[in-house]
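Visitor: Each chain is listed here by its residues.
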Amino acid sequence: MTATDLAYYSLVAVYSAMAIYTISFVAYALDLAKRSGDAQLAAKAATAPAAVGAEAQGAGAERVVTASAGGRTVVLDRTATAAGGADAPRASSSGRRPSRFERVATSMLVLGLVVHVVSVVFRGLAAGRVPWANMFEFSLTGTAIIVGVFLVVRVFVDVSYLGAYVTGLNLILLAIGTVNYYVAVVPLQPALQSAWLVIHVLVAIIGTGFFAIAAGLSAAQLVQTKRDQAKLANLRFMDTLPEADRLEDLAYRVALVGFVLWTFTLIAGAVWAERAWGRYWGWDTKEVWTFIIWVLYAGYIHARATRGWRGARSSWLSIIGFAAVMFNFSVVNVFFKGLHAYSGL
Amino acid sequence: MARSSDRTAPGLRRDPAGQHRTAEQGPPPQGTAAGLTADDETDVTGDPLRPSDHVDGVAAPAPGGGGDGVTQPRLGPIGYLRFFWRQLTSMKTALFLLMLLAVAAIPGSLVPQRTSDPNGVVQYRTEHPDLFPVLDKIGVFDTYASPWFSAVYLLLFISLIGCIVPRTKHHFEALRARPPKTPARLSRLAGYRSVTIAGGAEGSGLDPASAVAAARAQLRRAGYRTEVFGDSVSAERGYARETGNLVFHSALVGVLLTVGIGGGLGYTGQRVVVEGQTFTNALVAYDSFNPGRWFSDSQLSPYSLTLDRFTTKYEEKNRDAIGQPLDYTADVTARTQDGDSSQQTIKVNSPLAIGGSNVYLLGNGYAMDLTVTAPDGTEPFTDTIPFLPQNADLMSQGVVKVPDGLAEQIGMIGFFYPSAVDTEDGSGIMASSYPDLLNPVLSLNVYEGDLGLDDGVPQSVYSLTTDGMTEIAGAAADDGTKALKLTPGETADLPGGLGTVTFNGVKRFASLDVHHDPAQLWVLGFAGLTFAGLLTALFVPRRRVWVKASTTDDGLRLEYAGLARGEDPTLVRAVGDVASRHLTTMGVPADVARDLAREDSASTSNDTPTGPARRGRKISS
Ligand code: HEM
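Protein sequences, first through last, are from chains A and B.
The opening residue of the first sequence carries number 140 in the numbering used here; numbering runs sequentially from there.
The opening residue of the second sequence carries number 599 in the numbering used here; numbering runs sequentially from there.
If we strip away everything but chain A, and leave its shape as in the complex, we get (with noise of 0.2 Å):
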């Protein structure tokens, strides 16, 4: 195959890639509106005198024989009475069986992943180089380690919630990104012709996932913190998801992991622009956006720490944060002026 061919199937596939992603995101999407029946459901249950999940509270006194072995008994007597009341997970949050929509969605996501990144791979052959050296490349790789990301993430914490979320602004991307900012196979020009594109970019995509799967779930968080104060009752699948607290732990978490490899880009970056234009930071204005994002990440992170700052107030940060990570990518690209040039517009 010749490098051209290769292109073309790459487009072919990130085309396939999308369309599978649109099944997903659909599916996603009536997996929400799925969550409020079972939330409807779920807060009928709780009104009969077995409620759902009591049992789990009970454990404080519970006296469990685990074993006998070898002829002495070995007792768990019981742990702390702390799970109870307020803290208790949600009706039905923990434990919840996987809708059929959410299976569905799940596995397209999987799929979809596996095509587009059979795009990714041409793309790179095509190139005969890594495939992010100008914006086409960038939302083409970009998109992919998002969704990877996601499903990197949801191995270890159930945020299948925000599978719609994450499909759709993947959706957006990769369309605006192919549709727009397409350009063809060209050759690195010498400024690019460095191993610091392999670095430096790839941790900057990466870290971007890890920010947009935390701007999400900082989402959520204000969402569901909008629903404690009663400001917001009829968003019913809101009931499945995890209580405010918890998603706020979580999108630190996720977000945390962004922002140690955005401070490694910002370093890595400067290192790079030593090598290649001279000096490592002139204020050129990527390097002012990169350096602003860091800055405002830094600023969710004592947010969190500050008394009267956690909870909404630092999740708004964490969602600014992110818009300004999307700005520098698209806005700051396109129009702005700096030896960043590499857009290929």
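Note that these hints are calculated values from the structure, not bench results.
The reader is advised that the hints may include incorrect statements.
Partner residues are not named here, just some residues of chain A that face chain B (Cβ under 7 Å, in silico) [what the hints assert, rightly or not]:
1) N319
2) A323
3) V325
4) S333
5) A334
6) L336
7) L395
8) L400
9) T402
10) G417
11) W422
12) D423
13) V434
14) H441
C-beta atoms are modelled at their ideal positions from N, C-alpha and C, and glycine is treated no differently.
Starting from the known structure of chain A, fit chain B with the ligand onto it as the hints suggest.
Guide: Relative to chain A, chain B with the ligand alone:
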């Protein structure tokens, strides 16, 4: 428990007895740690390593010892100073200044900056003649050196230092301190579980003392610092978290200092070198030079570089990228002070280190080798003039000035087309279609009159002020004389019998940046420390774990519990692991031990314990 209470919380108060009470938490959850002594409580409620308005911090009394926000009438100047210092070094101030820094950095990205884009600033002035003076007054064209931007980051760093110093002191004390006494009641703490092993004849090892000894040994091996209190062991680990945090914040100060010092001691200079020319590292040899504040000439180590050859490679095959540069290589001969000479290459992304400075290849273009001959055969001008590239196909523009030796002063504005093509719109205007020398053509517009060189106003070698001059060849020439068109080797007559001009040939030039920054490696070192500190601060958990043993009627009772200090999502699991391993040591079959220690058998069922068990500060009497 909803955190919303935090928002309105008046904060911790110190009551006259000097004990902390968690006023912010509202009514305590029933059955709270009644067993905690006042000491325990202080210990779990607040963390003295943190600023007072940190969520885990110990609240500081307001000036005069009253409650927060209560202004005391009698407050000495020292008291006020202390109060303001505490304000400056609080989390809220740090947060505010960080946000301010982010916002203050924005204007500099919206308008061109003098340091990075001087031409952009000039252009901005032309495009926005009304707005420009206003913006210039407030310094947005030098945002990052402006007083307001500097004020923000300097305040932030003062705040930072004010924050680091006391915390470092505290941390050194904490490093020497022993783990705190075991709380009387562990059951409200995170990951709590209690296991009774029945039986236990004398000598079977199932007595509290040996259980505690085993737990201690095990925790020690796991990196905990331990202390035995009666039939319990108290263990703490993760001091590296705070160390990392302090290293991180201190290294930030290091970065700022070394950046400042490097900028002050170093210099940057630019020089355009044509093939065959030699550049000597001396002040006069630079086209432009920006010394740091503390720079002295003696820092310029006298080396020289001769540009032997400049090679370019352009894309020829890929239809979408014809003419795109693929490679630039400058072959130079470098001579150091002691006479050593060596062949070197400089490429983009691969500068040459020489004489304590780095030489970067940042630009290139074509230079015209021209000779102007007077009618009497003298040559008032013969030189190689670099032309500045105007676009990707290297259409280049330059200026030739001949002040003496001809009947009139002459200025020429030249346009060079490395691969000239006719634009075919009938205007006769040319363009370049490819950056390499496929069909080089030089076109010269000739002006006669006063070059203005005697006014003493410095002039750029790249521009010609045509105000006092008449165009005698070119589009605006009165008599319709066309611009002179030359290919290499050709000679053309200047209008009016002034003489001739010969285009001897084209050479390439390289534009070199010389940069000396003695602190650069230090900056990198501190940046590395920042990163290492960050990783440690964020991912090393800091926690306490207790194992308590007692004899009951049923047998040996073992209790396990933990307490997070700061974010610690894996605490419950960790307590479980401690329990499981310890139970195994105590003779419980491994699978049973694992079962007993499973996370869901612990105090909270999700992996982030929330509520009272999670944060010590939520426990009160
Ligand atoms: C140049 C400005 C600053 C930057 C860029 C910055 C950045 C950061 C970052 C990235 C973290 C998270 C990593 C860690 O826990 O070590 C952090 C944490 C922290 N910073 Fe700063 N910081 C700055 C100034 C300050 C100041 C002035 C204070 C004092 C009030 C402060 C107090 C803290 C504290 C107490 C934490 C721990 C937060 C926690 O417990 O979660 N920082 N800072």
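Visitor: Next, verify each hint and record whether it holds.
Guide: How the hints compare with the structure:
1. N319: Where the cut-off is 7 Å and the nearest Cβ of chain B is about 17 Å from N319 (chain A), the hint is violated.
2. A323: Status holds, d = 4 Å.
3. V325: holds, 4 Å
4. S333: holds, 5 Å
5. A334: This hint is violated: A334 (chain A) lies away from chain B, its Cβ roughly 9 Å from the closest one there, beyond 7 Å.
6. L336: violated, 10 Å
7. L395: holds, 5 Å
8. L400: violated, 11 Å
9. T402: Holds, because the Cβ-Cβ distance from T402 (chain A) to chain B comes to roughly 6 Å (cut-off 7 Å).
10. G417: holds, 4 Å
11. W422: holds, 5 Å
12. D423: holds, 6 Å
13. V434: holds, 4 Å
14. H441: At about 5 Å, which falls below the 7 Å cut-off, the nearest Cβ of chain B leaves the hint on H441 (chain A) intact, so it holds.
The structure fails to meet hints 1, 5, 6 and 8 from the earlier list, while all remaining hints are met.
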